[in-house]
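Visitor: Residue numbers (the working numbering), protein chains in the order written: chain A, 1 to 259; chain B, 1 to 323; chain C, 1 to 364.
The set of hints was computed from the structure by calculation and includes no laboratory data. Treat the hints with care, as some may be off.
[Said to hold, decoys possible] Calculated pairs, BS3-like style, for lysine-lysine (alpha carbon to alpha carbon, straight line, at most 30 Å): (1) Lys202/B / Lys239/C; (2) Lys84/C / Lys145/A; (3) Lys248/A / Lys228/A.
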Amino acid sequence: MGKAIEAIDLSIYYGSFRAVEGVNMSIRPKTVTALIGPSGCGKSTYLRSINRMHEVIPGARVEGRLELDGTDLYGAGVDPVGVRRQIGMVFQRPNPFPTMSIYDNVIAGQRLNNKRMRKDATDDLVERSLRGANLWNEVKDRLDKPGSGLSGGQQQRLCIARAIAVQPDVLLMDEPCSALDPISTLAIEDLINELKTDYTIVIVTHNMQQAARVSDYTGFFTIEGTGKPGKLVEMDETRTIFSQPKQKATEDYVSGRFG
Amino acid sequence: MSTDTSPGPAPATAPAPPSSKPVVQPGDRIFAGFATGAGILILVVLAGVAAFLVTEAAPAFVAPAEEIPGGGGIVAYIWPLVFGTLLAAVLALLIATPLAVCVALFITHFAPRRISQPLGYVVDLLAAVPSIVYGLWGVAVLAPASVGLMTWLQDYLGWIPLFAGPVSATGRTMLVVGVTLAVMILPIITAVSREVFLQTPKLHEEAALALGATRWEMIKMAVLPFGRSGIISGAMLGLGRALGETMAVAIILSVSGAVTVNLISSGNPSTIAANIALQFPESTGIEVNTLIASGLVLFLITLAVNSVARFVINRRREFSGAN
Amino acid sequence: MSIDTDKRDAERTAAVRPTEDKIARQGRLPRWSTPGALAAAAVVVGGLLAATGAFSVGLFVFLTVVLFAVGLYALSRVVEGARKATDRVVTIVVTSAFLLALIPLISVIWTVLSNGIARFDVEFFNSSMRGIVGEGGGAYHAIAGTLVITALAAAMSIPIGLLTAVYLVEYGAGSRLARAITFFVDVMTGIPSIVAGLFAYALFALFAGPGVRLGFAGAVALSVLMIPVVVRATEEMLKIVPNELREAAFALGVPKWRTILKVVIPTSVAGIASGITLAIARVIGETAPLLIAVGITTGLNFNPFDGRQATLPVFAYYSYAAPGVPRDPYIDRAWTAALVLIVIVMVLNLAARLIARLFAPKTR
Chain A
1 MGKAIEAIDL SIYYGSFRAV EGVNMSIRPK TVTALIGPSG CGKSTYLRSI NRMHEVIPGA
61 RVEGRLELDG TDLYGAGVDP VGVRRQIGMV FQRPNPFPTM SIYDNVIAGQ RLNNKRMRKD
121 ATDDLVERSL RGANLWNEVK DRLDKPGSGL SGGQQQRLCI ARAIAVQPDV LLMDEPCSAL
181 DPISTLAIED LINELKTDYT IVIVTHNMQQ AARVSDYTGF FTIEGTGKPG KLVEMDETRT
241 IFSQPKQKAT EDYVSGRFG
Chain B
1 MSTDTSPGPA PATAPAPPSS KPVVQPGDRI FAGFATGAGI LILVVLAGVA AFLVTEAAPA
61 FVAPAEEIPG GGGIVAYIWP LVFGTLLAAV LALLIATPLA VCVALFITHF APRRISQPLG
121 YVVDLLAAVP SIVYGLWGVA VLAPASVGLM TWLQDYLGWI PLFAGPVSAT GRTMLVVGVT
181 LAVMILPIIT AVSREVFLQT PKLHEEAALA LGATRWEMIK MAVLPFGRSG IISGAMLGLG
241 RALGETMAVA IILSVSGAVT VNLISSGNPS TIAANIALQF PESTGIEVNT LIASGLVLFL
301 ITLAVNSVAR FVINRRREFS GAN
Chain C
1 MSIDTDKRDA ERTAAVRPTE DKIARQGRLP RWSTPGALAA AAVVVGGLLA ATGAFSVGLF
61 VFLTVVLFAV GLYALSRVVE GARKATDRVV TIVVTSAFLL ALIPLISVIW TVLSNGIARF
121 DVEFFNSSMR GIVGEGGGAY HAIAGTLVIT ALAAAMSIPI GLLTAVYLVE YGAGSRLARA
181 ITFFVDVMTG IPSIVAGLFA YALFALFAGP GVRLGFAGAV ALSVLMIPVV VRATEEMLKI
241 VPNELREAAF ALGVPKWRTI LKVVIPTSVA GIASGITLAI ARVIGETAPL LIAVGITTGL
301 NFNPFDGRQA TLPVFAYYSY AAPGVPRDPY IDRAWTAALV LIVIVMVLNL AARLIARLFA
361 PKTR
């Protein structure tokens, strides 16, 4: 588990509109990479292109290559559904399935794909995933209750448990804490630190302190104006980006001066 | 259905261009196929409805005038029916719409909160009562009960052509039909209006109240402008129902075939739908074709009404502030 | 800012008594003024009518309401000002309109109930009209026919309607085909029921020759009326399923069709089921298309592919419009049939509400 991601001159289009232009980025296995930048700079679009989630919007396509341990994710004959099984995703707002119990939410990936499992194997997977998401102790007595009855932070950790239950190689997180209070945010950040021993994690965040706290590497995206494509300005170790970035734009952004 | 054994769109060996056909799971293809097929089936059914009506109606349009029942040709046969249909429906609409808006306002903004929700349920229930029930009620209760009122109308307002009389002794008049249809469509218009009134943004209402508006001023400022398109679409839905309503008219109205606006006499024009229901069981040959032709005309009328309604709603939507 | 507010608060506290008095004195009629004015109006009108000797309930109520509205407006205008007065009049108008609208609706229910209860007996539900002249007999055959034909119509409409809605929301969104379907579903919503009956007749007359009457033809006619309702209801329900749930499933590597079947539809199943139930309630009382396409018979016929079938609404219509001799038993049966129809429709409506409540996603 934990694979490398390599973007080579990757551009993302919606119809004829170029949303992201020429991204070259290497993401190392079992690291946390944060993507930062102003709103609309394409960081979320780029993140969603990693597991082909942006294709949900009709007309979306990419140019260039995106490789997961050397295999092109956009190659001919690659099923986006298979890609998403390898690369899990956690969203901005916690979105447990309202019709399912906590238990069923965790194994939703298996259940929805009609994968048959023995009862003890499922129990084991549920416990392992919930422990992995630091949620087991809070919910072990009410696994049959609806997932939507949990607090926001618990729901988000339930979503993480659900994502790791599919046993992916990579976890993508799209502003996973922006809808949470500070205490829940802290819990998620701790969890991210633990998860990186097993997974490659890419996280989009608006919160620069968060990027500094959780990530090993940071990529800074920006956009020159509305209608222009977003670009990766620079990417380096998080420490370097926040202390001595090579680009003026990065320095302005991380120090709070925009321009 | 094609399965995954069929040649795929992009063979794995071929160096595919970047914009190659995406891989689609066989399950997805089958399911999408079914869903699309169902949609297309609806189009086919509708085309079928139109085609069958036109082919079956065609003989009536080309037949010589004396063969059409009544002997005056197809236009002379259908015209009084069209007139009767429009008269009854418009009458019902004029009676029902203001009442329905008031009822919807009462339920949403005037009634105590505790009873407003049950009232909403009751209105929804009444909207589902079959029209044959309203027809039975109209002929058994309303018609005899309204003879007195109609006599009064003739005595005091007889100078208006609408109430010229002489009053029908059984009460089976156009006015009673109009009122019955109004009672029938009242719950429908109310239900739609209530729905939009409830959707009025609370912020708009509170903004108006915060400006010191009375309840009526708040309704005038926030609720009615927001709900206007809803009222119109409800009214058009009701009009469509009234135009196509068959049984209530067939069972109540005493018909002479005259084209008259006199609402309280016993000589009334029939409506298209009621005429079909009354004549169809005993009709053969060209008579059936004539009835189907009249049905086609009715379809076109309701289509026109619905199109106008949709046009109004679409044009208003941009200004309703719903988004 | 906060200092400002504090100061103003202090001022307000100081001036609170006089201000309140002012509001009270300027703005308000006492609470009993509304019932008081109503009672006064009733007494005056009642007295006048009694004096002239032209007393009738309708006239009394009408004049009382008019006098009440005018009187309260004048009073309120003097005491509270024009705006409040208008508000009061509107309240009176809206309330009386509501009460006025209630009269016929209550009358409908009452009439059907009081006339229909006479034959609401066991015989009505377990015997047909075969060989019945005059008293006795029942609508067993008509109830059976209604259930068979409606079930058949539902069996055709529900899959087609559901799948079409799925196409419109999940697959077609924005495409030309989807827009065409949406438009024509709208058109279909406006088809008068009698025209649907004519269509079904014309369709089957093509295969079976003129004069054909068939339960299945009635089911086809009802489907034409029911499909657009099902499409609409389902479409609305699918649209309100949050996109996030679809994305969550996609991100777990679930194919789209499984996402629709196992996440989207289960999430909205309560609304869909209740919408379908309402659609059934809507067509089960349809009379006109069945009159045209199915006709009527006196005996029991469970087979919708073999000749005429009796149905409840048509049975009610013919019993009333073309009674035999003696007349009364036929009229009684018509009312009871109407009562049974109303009961069925109400049960379906309540079932729809119950379904919506029971199957709604739980949060606790």
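Visitor: Does each hint hold? Answer for all of them.
Guide: Hint-by-hint comparison with the structure:
1. At roughly 23 Å between alpha-carbon atoms, Lys202/B and Lys239/C fall within 30 Å of each other, so this suggested pair holds.
2. Between the alpha carbons of Lys84/C and Lys145/A the distance comes to roughly 53 Å, so the proposed pair goes past 30 Å and is violated.
3. Of the supplied pair hints, the one linking Lys248/A and Lys228/A holds, its CA atoms being roughly 20 Å apart against a limit of 30 Å.
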